[in-house]
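A.B. asks: So the chains spell out like this:
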Amino acid sequence: MTKAERLAAIFAIAFAIIYAPTMDYNWTLATYHPIQGIWQFGRAPPLSGGSPAMYWYGFVFTAALGALAVTALAALIPDKLMDRMPWRSLTWLVPICAIIYVGYVLLPYATKS
Amino acid sequence: MLIGWSILLIIHGILAVFLLGAITHQAVGAAWPVTKRSPGFVGAIRSVNGMNYTNVVIGLFVATFLLGCMIYPTYRISVRTILQEYRFFKPEGMFEMKEHLLALSLALLPVHWLFWRKASDANRVARSLVTGILAVAVWWSFLTGHIINNIRGFGS
Chain A
1 MTKAERLAAI FAIAFAIIYA PTMDYNWTLA TYHPIQGIWQ FGRAPPLSGG SPAMYWYGFV
61 FTAALGALAV TALAALIPDK LMDRMPWRSL TWLVPICAII YVGYVLLPYA TKS
Chain B
1001 MLIGWSILLI IHGILAVFLL GAITHQAVGA AWPVTKRSPG FVGAIRSVNG MNYTNVVIGL
1061 FVATFLLGCM IYPTYRISVR TILQEYRFFK PEGMFEMKEH LLALSLALLP VHWLFWRKAS
1121 DANRVARSLV TGILAVAVWW SFLTGHIINN IRGFGS
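In order, the protein sequence lines correspond to chains A and B.
With the first letter of the first sequence counted as 1, position 78 gets the number 78 in our numbering; the numbers rise by one all the way through.
All you need for our numbering is the position in the second sequence, starting with 1, plus 1000.
Misleading hints may appear alongside valid ones.
[Said to hold, decoys possible] Facing chain A, a subset of chain B residues (Cβ under 10 Å, in silico):
(1) 1042
(2) 1045
(3) 1072
(4) 1076
(5) 1107
(6) 1118
(7) 1128
[As the list claims (entries may be wrong)] To list a few chain A residues with every Cβ distance to chain B over 10 Å, as calculated:
(8) 25
(9) 27
(10) 72
(11) 73
(12) 75
(13) 76
(14) 77
(15) 78
(16) 79
(17) 83
(18) 84
(19) 85
(20) 89
In short, the hints are calculated from the structure, not lab data.
Beta carbons are placed, not taken as given, at the ideal position from N, Cα and C, and that holds for glycine.
With the hints as constraints, model all of the structure from the sequences given.
C.D. replies: Right, dumping it as structure tokens:
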């Protein structure tokens, strides 16, 4: 596995690990208010007048920024140490686990009527 | 104003159709390759060279994703509120799942590109499964978008 492949794999793995709890606990980096067209840093409540607050963009920012930081740190670790991890398997295994976690969090949508 | 968003939504849908075709060919070719050329429709799909689809899949995915990000606020204001009002929880949940699946898939694109650039027996399983995850995400998203559009699309 080349270093670029390993770092891309680490980015995908870190993104999935960070994203799943981020969407569950709303660790959003930004909030968008679509009616007013206003961005706010961090988690902000909906503005008055029945305007919804959108957090999903912030989830992506949180996970992307976190994953970039993890990847940058991983790039500093010697290759000999990094080669011991099964990065190829983790590349698909971790996102599948994250998808299952997200599905579990969203389960109430399927059961409520 | 709404006609402008509808045009964007239709372009988003057309790009999604192209993406669906490309990722399905790549996923089937990776997971179920033929050992020798065989005649027929299924054989033709199985025998595609997945490497040829990589750049197209990534380009279409990013373009469709960005268009979706632009349309998303309109969905949040004009469509989701209706889904909640009429207690259409399952389509609403499907859309929630769609956005999370696509975010997770977006992060897989760099490794997807690198795996396909140097496709080998060593990365065949990982390459097939990463492509499979992307294919499932794209299919889920396409069908969800189609259902949501049926409920509250242009002209409804």
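A.B. asks: Please write out, lowest number first, the hints stated earlier that are contradicted by the structure.
C.D. replies: 1, 2 and 20
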